[in-house]
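Asker: Sequence:
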Amino acid sequence: MKQGLNGVAYGLIALDSANFKVPASAKWTKQKLVNELISKQNKDGGWTWDPSSTTSDIDTTAMVLTALAPHKGEAGVQEKIDQAVEYLSKQYHAGKIDNSSTAAQAVIALSSLNLDASDASFTKDGTSLISYLLTFQNADGGFDWQGGDVSDAFSTSQGFQAVVAYQLKVNGKGPLYQLPLSQATGKAGASSVATDSKPDDAAKKPTDRTDGKQGHKLPVTASEDYNMIALGSLMILAGFVALFIQRRKKASR
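The sequence shown begins at 1 in my numbering and counts up by one.
Think of the hints as simulated: they come from the structure by calculation, not from any bench. None of the values given here were measured: they were computed from a predicted structure. Some hints here could point you the wrong way.
Said to hold, decoys possible - Only pairs whose alpha carbons sit at most 30 Å apart, straight line, appear in this in silico DSBU-like list of lysine-lysine:
| id | residue 1 | residue 2 |
| --- | --- | --- |
| 1 | LYS43 | LYS124 |
| 2 | LYS72 | LYS43 |
| 3 | LYS30 | LYS40 |
| 4 | LYS72 | LYS21 |
| 5 | LYS124 | LYS173 |
| 6 | LYS43 | LYS30 |
| 7 | LYS124 | LYS30 |
Produce the entire structure from the sequences given, and follow the hints as far as they go.
Answerer: In C-alpha cells, the structure reads:
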C-alpha cells in the first residue's frame, strides 16, 4: 500500500470494524493484511511507517497494535502483540511519548487490547499514560500537541478518540472502531428504524394524491451511507496520521 504500514493497519481496522466479508480472491484479504503487519515487526518489538526502515516509531506501533487486536487469538499474533506492548511501555518510561497525539494512539491501542492505560507498566513517576494524555487538555476542552494553551483540531480529535476508547474499555463496551452494520428486518428493503405512528395508522391516513397512483418507494440506504462515511473517515484519519509522522520525522532531523 502506498501509505506505508499505517495504510495496511487502517485497511485492516476498516474491514474489521463491521466484520465485512472479503472475497478470497481479493488482493488484500484480512489474513494477508495480518501477515503483512506481523512480518514487518522490528527486532525491538515496534513497527515503522516506512517498511524499509528498521527504526521503530511509537505512533505506527500503536496503530498496528490496534489493527491486530481483533486477531490476537490467531497463531503467532499474541506473541507479536506482547513484544509491541513491551516496546510501548519502555518508550513511555524513557520519556519518548512526548506529545498528545502519540499518547492518544498508545491509549487507543492499549484499550483495543483490553489493557489499562493506567496500569503500573504505563505509569512513570506516579503519572499514568491516560493521566499524561489529559495534561494536554485545555480549559476550552480541546487538546494541544506538545504543551501550551492553544488547542488544535488534529490533537483534539485524537485526544477525544483516546478518551472515548479508554472509557469504552473501562465500561466493558468494546473497542473504539466497532461499527456494526444495521440489520434490516422483515422483507428485503424494509427498514428497522422505529416510527412514531402505529402500523395501522399509516394505512388509514389519506394521501395528498387524488389520482390513485402510488409513488415509488425510496431504497433504504441510511445505514449503508453511515458506514461508508465511517470507513471513509478511518482512511482520511490514516492519511492525516501519515502526514503527522512524516512532519515529526522531518522536525527531528
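Asker: Hint by hint, say whether it matches the structure.
Answerer: Hints versus structure:
Taking the CA atoms of LYS43 and LYS124, the gap is near 24 Å; set against the 30 Å cutoff, the hint holds. In summary, the hint linking LYS72 to LYS43 is supported, as the alpha carbons are separated by about 19 Å, within the 30 Å threshold. This hinted pair checks out: LYS30 and LYS40 have alpha carbons roughly 16 Å apart, not beyond 30 Å. As the CA atoms of LYS72 and LYS21 are separated by approximately 19 Å, the hinted pair is consistent with the 30 Å bound.
Of the pairs offered as hints, the one joining LYS124 and LYS173 holds, with about 27 Å between alpha carbons and a cut-off of 30 Å not exceeded. For the hint linking LYS43 to LYS30, the alpha-carbon distance of about 24 Å falls within 30 Å, and the restraint holds. Proximity of LYS124 to LYS30 is assessed by CA-CA distance (about 36 Å); at most 30 Å being required, the pair is judged violated.
In this structure, the one hint that does not hold is number 7.
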